[in-house]
Amino acid sequence: MGGIMQVVFDALSLGSLYALGALGIALIFGVMRLVNFAHGDVIAFSVFALLWPSVDAVAIIFAGNLPWFLLIPFTLAVGAGLSVLSEVVVFRRFRRANPATMMIASFALGFVIRYFLLMLFSSRPKSISLLPGLSQPVEILGARIPLLQLITILVTIGVLIGLTAFLRRTRFGLEMRAAAENFTMARMLGVRANRVIMGAFALSGALAAAIALILGSQTGTANIMMGASVMLMAFIATVIGGMGSLAGAVIAGFALGAIATVMQVILPPDARAFRDAFVYGAVILVLIFRPQGLLAARGTKERV
Amino acid sequence: MNRLTAILAATTCLSGAAFADDERIIVGFATAETGFMQAYDKPAQDAAMIRIAEINDAGGLLGKQIEVVNADTKTDRAEGAKAGLSVIDQGADLVVVSCDYDFGAPAALAAESNGLISFFLCAESIKAGIQGVGPNSFSASVLGAVQGATMAEWAYNKKEARTFYRLLDTWTEYNKSICDGFDWMMPQLADAELVGQDTFLNEDASIAAQITRIKSLPEEPDAIMLCTMMPGAVSAIKQLRAAGINSMILNGSGVDGSYWLSAVPDLSNFFVPVQGSIYGDDPNPAVNEFNAKYTEVTGGAPATQYTYPGYVMIDVWAKAVERAGTTETSAVVAELEKMKGEPTLFGPRTFTSELHHQNQARYLIVETNNGTPGVVDEWTISSPIPVADLMK
Chain A
0 MGGIMQVVFD ALSLGSLYAL GALGIALIFG VMRLVNFAHG DVIAFSVFAL
50 LWPSVDAVAI IFAGNLPWFL LIPFTLAVGA GLSVLSEVVV FRRFRRANPA
100 TMMIASFALG FVIRYFLLML FSSRPKSISL LPGLSQPVEI LGARIPLLQL
150 ITILVTIGVL IGLTAFLRRT RFGLEMRAAA ENFTMARMLG VRANRVIMGA
200 FALSGALAAA IALILGSQTG TANIMMGASV MLMAFIATVI GGMGSLAGAV
250 IAGFALGAIA TVMQVILPPD ARAFRDAFVY GAVILVLIFR PQGLLAARGT
300 KERV
Chain B
0 MNRLTAILAA TTCLSGAAFA DDERIIVGFA TAETGFMQAY DKPAQDAAMI
50 RIAEINDAGG LLGKQIEVVN ADTKTDRAEG AKAGLSVIDQ GADLVVVSCD
100 YDFGAPAALA AESNGLISFF LCAESIKAGI QGVGPNSFSA SVLGAVQGAT
150 MAEWAYNKKE ARTFYRLLDT WTEYNKSICD GFDWMMPQLA DAELVGQDTF
200 LNEDASIAAQ ITRIKSLPEE PDAIMLCTMM PGAVSAIKQL RAAGINSMIL
250 NGSGVDGSYW LSAVPDLSNF FVPVQGSIYG DDPNPAVNEF NAKYTEVTGG
300 APATQYTYPG YVMIDVWAKA VERAGTTETS AVVAELEKMK GEPTLFGPRT
350 FTSELHHQNQ ARYLIVETNN GTPGVVDEWT ISSPIPVADL MK
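Protein chains in written order, with numbering that gives the first Met the number 0: chain A, 0 to 303; chain B, 0 to 391.
What the hints contain is simulated information worked out from the structure, not anything from laboratory work.
Certain hints may be false.
What the hints assert, rightly or not - Computed beta-carbon distance windows for the label pairs:
no.: 1; chain 1: B; residue 1: Q64; chain 2: A; residue 2: A270; range: 17 to 23 Å
no.: 2; chain 1: A; residue 1: N97; chain 2: B; residue 2: G133; range: 50 to 56 Å
no.: 3; chain 1: A; residue 1: V7; chain 2: B; residue 2: N156; range: 29 to 35 Å
no.: 4; chain 1: B; residue 1: A330; chain 2: A; residue 2: M118; range: 51 to 57 Å
no.: 5; chain 1: B; residue 1: E172; chain 2: A; residue 2: A270; range: 18 to 24 Å
no.: 6; chain 1: A; residue 1: R289; chain 2: B; residue 2: N369; range: 49 to 55 Å
no.: 7; chain 1: B; residue 1: D265; chain 2: A; residue 2: R186; range: 54 to 60 Å
no.: 8; chain 1: A; residue 1: A62; chain 2: B; residue 2: D265; range: 41 to 47 Å
no.: 9; chain 1: B; residue 1: T371; chain 2: A; residue 2: L117; range: 45 to 51 Å
no.: 10; chain 1: B; residue 1: A77; chain 2: A; residue 2: T183; range: 55 to 61 Å
no.: 11; chain 1: B; residue 1: L193; chain 2: A; residue 2: T169; range: 28 to 34 Å
Claimed, not checked - Here are a few chain A residues that sit away from chain B, every Cβ distance over 12 Å (derived from the structure):
no.: 12; residue: A10
no.: 13; residue: Y17
no.: 14; residue: G63
no.: 15; residue: L162
no.: 16; residue: F165
no.: 17; residue: R191
no.: 18; residue: F288
Note that the Cβ used here is the ideal one computed from N, Cα and C, for glycine as well.
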């Protein structure tokens, strides 16, 4: 029982990370058909924002010393701020461009953010002790897991409930859903496009910052490449979830986390090194049988 | 392309005739001054510069002052080949290349094809030398496999470790080489048992599944051989301890340094093999003097033990040049290959015509206790790892 619960918690916590990432990508894709490849770099930036720029081996902790009740809002604000800034400075100019052009622009933006960090902090990974109170084991349902794992799962569930309420119960949420379904029509009916898009970017940036906090306290490391692997998994989750479908992205994120964890458990030692190949194999199977994704968003279907 | 061919042709013509009766002795650094390898190349290069300054202050090499020329590889393999050719063009007698085999090899191959000696600053793959470049190539560090073998034998003998767990990060050859050395040593340790093994990836956001496997063992293993490197190492160590696993953790030298310890507060029972101590407690006072000098020259103390191979490199090369009485490649290589347990500041060094790397070396053992690292012991593996086993 304890053994199985342990695996369940492992799968849920990894899935939470992917689900939060996938949600951040799906939100922006929903309102403006942009696959934002700079998302991973927003994650890295949010962690580095807690450090003072220096190229020394030892990190100079700056905002990272704030107490948790200030640290968390600060980091979320940094993520949201950078994301909104990238919309105002870059993506707004591509409003009428085709999705491929926007995707390339997001790659370019990602490089700019990454090299900016490289310039200020060098390529050396920096160590940072974020929320150290979370690095202790707790006993729950017969499984002994790090407190952070539990918090990650709870935070993700909280974010999902909050976001659902926001999208369903508020006027802004309604506008956002309308824009995701049919952007032109929504504009004609009085939805202010820029406001909705900026809102989506702010939410997406804050989600990136949430991942940054979780990754930062889990790994204790700030690394300019740290967002890349989560970004890749999150992107795959949005694809198999059905591009633009928020619920699909979340489900697929959790599914990917579960597959990766289960593969690590059941594969023989020699095959474990190729775990990701098996995970991507599963992704290909899903796409063969459901090319439109698990839950296709209504707005993305071709109308005949 | 035409330009490259022209440069190649020009250097090939020049190298034979022009350098033989050269008036000057030139060390060429084809290393990363920019990009991510810079963080690894710069400290070792600074240490090399300190040894060069010492030699020059003492009257030079063969009565001549050593001069230094540089070219930036920009952490790019194609640029690496160009940087190699550039320092060769500027008359280098010794071509120093990047810390890592993959990034240093292009410049080393350029040196090899021009009949010059190349030295990897601190590469720890067997390929960094005869096996991967050619008969004139050397590495200044110690093979990764020696680190894994050292930790296994030391923990077995000095810590009575009997049950071992092997956790490998499959990201790099370096990581694999540590575990290869561990695997080579294990059968030689009577009643030592490998109770389990697992792999992960350096960039894995979580190693929770791997930790669950360790926790489901009937008993916590005495020691975990952790074959990984930065930045994933910190993450793995932090997660192991956060999950309440208190086994002794054995590592390669890649995790040396106190710069990352803030990420895992109060870390204990954690062991790293190092060539010299950066913590001011090296049993050899000359190493502590070197640390002070390094701090004075560069404005900061060495961050990891990977600073030291740069110093060793110039030291052994200059001795070989002095003994050969010339910088001519074949004579210097012959002198280097005569070195058997040649004393250096950071332990004895041996080169043979079969291996231009260390398959046995004295390591200091650094223990981190309550977040404070310090030297607790030293260990040399009982027999060198055979080259045939290293080539597997």
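*So which hints don't hold here, by number, going up?*
1, 3, 4, 8, 9, 10, 11, 12, 13, 14
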